[in-house]
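The whole structure should be built from the sequences, with the hints applied where relevant.
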Amino acid sequence: MAPLPSQKRKIEDAMRGRTERPKKRVRKQKEYHSSSEDADEASGDEFAPIDLVESDDNARKESVPTDKQGNSTDTSITGGSSDSEDDASSLSSDEEGDEAVRPGEEKRPTSKRNDPNAFSTSISKILSTKLSQSARKDPVLSRSREAADISNAIANEKLERRAKAKICADRQEELERGRVKDVLGLQSGMAGEVGEEEKKLRKIAQRGVVKLFNAVRAAQVKAEEAAREARKNGTVGYANREEKINEMSKQGFLALINGDSKTKPIDESR
Numbered sequence: 001m002a003p004l005p006s007q008k009r010k011i012e013d014a015m016r017g018r019t020e021r022p023k024k025r026v027r028k029q030k031e032y033h034s035s036s037e038d039a040d041e042a043s044g045d046e047f048a049p050i051d052l053v054e055s056d057d058n059a060r061k062e063s064v065p066t067d068k069q070g071n072s073t074d075t076s077i078t079g080g081s082s083d084s085e086d087d088a089s090s091l092s093s094d095e096e097g098d099e100a101v102r103p104g105e106e107k108r109p110t111s112k113r114n115d116p117n118a119f120s121t122s123i124s125k126i127l128s129t130k131l132s133q134s135a136r137k138d139p140v141l142s143r144s145r146e147a148a149d150i151s152n153a154i155a156n157e158k159l160e161r162r163a164k165a166k167i168c169a170d171r172q173e174e175l176e177r178g179r180v181k182d183v184l185g186l187q188s189g190m191a192g193e194v195g196e197e198e199k200k201l202r203k204i205a206q207r208g209v210v211k212l213f214n215a216v217r218a219a220q221v222k223a224e225e226a227a228r229e230a231r232k233n234g235t236v237g238y239a240n241r242e243e244k245i246n247e248m249s250k251q252g253f254l255a256l257i258n259g260d261s262k263t264k265p266i267d268e269s270r
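In this text, residue positions in the sequence shown follow full-length UniProt numbering: the first is 1, and each later residue adds one.
The reader is advised that the hints may include incorrect statements.
[To be verified] Taking lysine-lysine pairs in the BS3-like style, the calculated list, with each CA pair at most 25 Å apart, reads: (1) K8 <-> K28; (2) K181 <-> K203; (3) K200 <-> K181; (4) K211 <-> K199; (5) K10 <-> K23; (6) K8 <-> K23; (7) K10 <-> K28; (8) K211 <-> K200; (9) K158 <-> K181.
No lab work stands behind these hints: they were computed from the structure.
Structure follows, in structure tokens:
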């Protein structure tokens, strides 16, 4: 079924954000009671008719010294204060009675966690402890075990680093002992003399290298000659021929190195 026009309008208003305010329900009073009636009744009770003759007699009686009135007022004040003191004492006695332990019940022991005396003693001990100079930066963390372990680990690591650095320095010093770093004499101011000495050494090295290669070549030539002679003489066996060739080449090589003048010049035409 389609909604009624009124319901449809309410739905459209709700979608647009227009909502009706809820209506207040007013309760109707069945009977009316005015406060003026109570005031009239009270005034009627208070103001009773007075006789003029009796009022004169009362005025004469009231002309008594004021001490009696003062005493009477004082007694009334003291009476009121005594009543208030009695009320306070009765309230305190009731509270004490409530707090007192009943004969059937046992008093529960207070736990150490909730004991104020234990807390105060622990605080006083903490405040009375003396801290070292390094621990004053973090006074709270210095009292925990984890912080102490971490600080010990850091100190041990520093000591290990120092020991390793010392070992490396000693090893480097041992390696550099007797080593000449200023080879060219730049720091000592002897660069010219060192340069001349280097030239001489280079020439000697060149001569030695040339002589070495000549000796090697001569040994090879002599080995070839020894092989030919062995074939001519009819030496049987490859091993015997190799042994003879090695002996000849070794002797010629050593003779050339030693500068033996009796050795024959090398003939490379063969």
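Checked against the structure, which of the hints given earlier come out wrong? 1, 7, 9
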